[in-house]
Amino acid sequence: MSGAATAAPPGAMAPPKPGSRESLMLNIGFMAMVIGMFMAILDIQVVASSIQEIQAGISASAEEVAWIQTSYLIAEVIGIPLSGLLNRALSMRRLFVFSAIGFTISSTLCALAWDLNSLIVFRCIQGFLGAAMIPTTMAAAFTLFGPNRSMGQQVVIGMVATLAPSIGPTLGGWITEHTSWHWLFLVNVIPGIISATLVWRLIPKQPTQLSLIRNIDVIGLAAMALFLGAFEYVFEEGPAAGWLEDDHLVMWMFLCSLGGVIFFWRAFTRNNPVVDLKVYKDRNFAVGSLFAILIGFGLFGSVYLTPLFLGTVRGYSPLQIGQIMSVAGIAQFLGGPIAGAVMRRVDPRYVMAFGLSLAAIGLYWNSFLTADASFDELFWPQALRGAGLIITMVPSNFVALGTLSPMQIPNAAGLFTVCRNLGGAVGLAALNTMRLNFTNLHNQEISAGLDPSRPEVADWLAQVEANLRATGVADPSAGAVAQLTQRMQIESAVMTFNNLFLIMSLCFVAMLFMLPLLKRPAAANAAAAKEAH
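The sequence shown begins at 602 in this note's numbering and counts up one residue at a time.
Just so you know, these hints were derived from the structure itself, not from any lab. Any given hint could turn out to be false.
In silico lysine-lysine, DSSO-like type, Cα no more than 27 Å apart, as pairs [said to hold, decoys possible]: (1) K806 <-> K618; (2) K1120 <-> K879; (3) K882 <-> K618.
Have a look at the derived ranges for each label pair, beta carbon to beta carbon [stated by the list, open to error]: (4) A1071 <-> E654: 36 to 44 Å; (5) Q1087 <-> S927: 26 to 34 Å; (6) I794 <-> W715: 22 to 30 Å; (7) S1078 <-> M1035: 32 to 40 Å; (8) F976 <-> A1067: 29 to 37 Å; (9) S927 <-> P808: 42 to 50 Å.
Every residue, glycine too, gets a C-beta built ideally from N, C-alpha and C.
Generate coordinates for the entire structure from the input sequences, incorporating the hints supplied.
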């Protein structure tokens, strides 16, 4: 065991002296945790981009194969808030190693799955066991290094959280194109082993409190699982099912509400709840959680809409889409260190305002798409949005968690991560619902002006019909009408995407008015004073 592994009270650890061997070992151990966090976030995206290849490999229908993603997301969103309790019960090091090993083994099982049912079960296990790696890594940045010295670690976490979704679709497409869908899961094995080994050897030991598990609120745990699982399911299936039009979905809404009532009642009345919600009494954390929801919406929403536009409207291949999406990834990679450096000298709230403004401008710029938009037209919107998201995320993590005590941070990190994930889930459901509504609206608007009796429409149809007849098409008249319909659908889709990007931009603008509710963390004040001297 390294010299870094000295015992310390839970939640309060004295960081080693900068530049010492212990500090180096601790940083290596933390980077190993970041690797695990990166793999857990990346896994969602690489699988999503290759879902059709998996569908063909296991002979499943489009509706059935969707459960490969849904089962993972439901299990993960249940597992994340448990990380706070398990962190105190098992210690940070043991919890992360257990999570990394479980994630690695279940990834291997996913690759070896023999049919749809086995893959869904293994994905559920993978999501639940790997869930703790994300909030535990966030908590480690504060508890291992102290709030005054965690700027660099916060930057790394922010870069990983934003970069993984950006490169995931491209990487997933490349893996399935050059190997097989099994490697979407096997790619986790080596990093998982390395991460678990280094964390076990280099992260300091902490005492366990196993009595927390023995006295766990089983009713509260079951209610939380029902509440969060049903919540995720409802928002995953809602847009396609028509929400209240589907009786099955209405039943799940009722179960979600029932689970939520019981969960919140137990959380506020029990001495040892499954998840301690009293942390929301801290104003910074409560407001910061709203920013986490927005960041999840902006991050997952933009990563969803842009490839969808490029695939459906422009007909781009996964490689071409990946090249365009890489602009946002590069901007995030460059923006993270800048945000960390500026935060050492400037009030983090001002940095958040700058990031929100950049993201809003990038999304607003994206709302002027045309049917011919390509790399050049999307470059600056992508760059501004990517830089804005990372510049918002890094200080938001610091501001939300920086006013809490070390004992509160593990639990708060789990809740903060849940807020970001649920923000993405609710945001995607809202975008899909609005996409269907806007598409129908614009189709009606455009079709009203395409009456064949209008001279300009009749002339266009006649010209296309003549061209098709000249090329030997059997039914040029029907072909001309089909082309007109296709043109209408493309223009309708472009208008819809523009509406959605504009709405996302307005959401970021609205959050600027929430910034005055935040107070500057004392740690940031201390760091600023130190810089001044």
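Verification of the hints:
1. K806 <-> K618: Holds, at roughly 18 Å.
2. K1120 <-> K879: holds, 19 Å
3. K882 <-> K618: Roughly 34 Å between the alpha carbons, so the hint for K882 and K618 is violated.
4. A1071 <-> E654: 36 to 44 Å: Between A1071 and E654, where Cβ atoms are some 40 Å apart, the hint holds.
5. Q1087 <-> S927: 26 to 34 Å: For Q1087 and S927 the Cβ distance comes to about 30 Å; the hint holds.
6. I794 <-> W715: 22 to 30 Å: holds, 24 Å
7. S1078 <-> M1035: 32 to 40 Å: About 36 Å separates the Cβ atoms of S1078 and M1035, which means 32 to 40 Å holds.
8. F976 <-> A1067: 29 to 37 Å: Taking Cβ atoms as reference, F976 and A1067 lie about 35 Å apart, which means the hint holds.
9. S927 <-> P808: 42 to 50 Å: holds, 45 Å
The structure fails hint 3 only (numbered hints given earlier).
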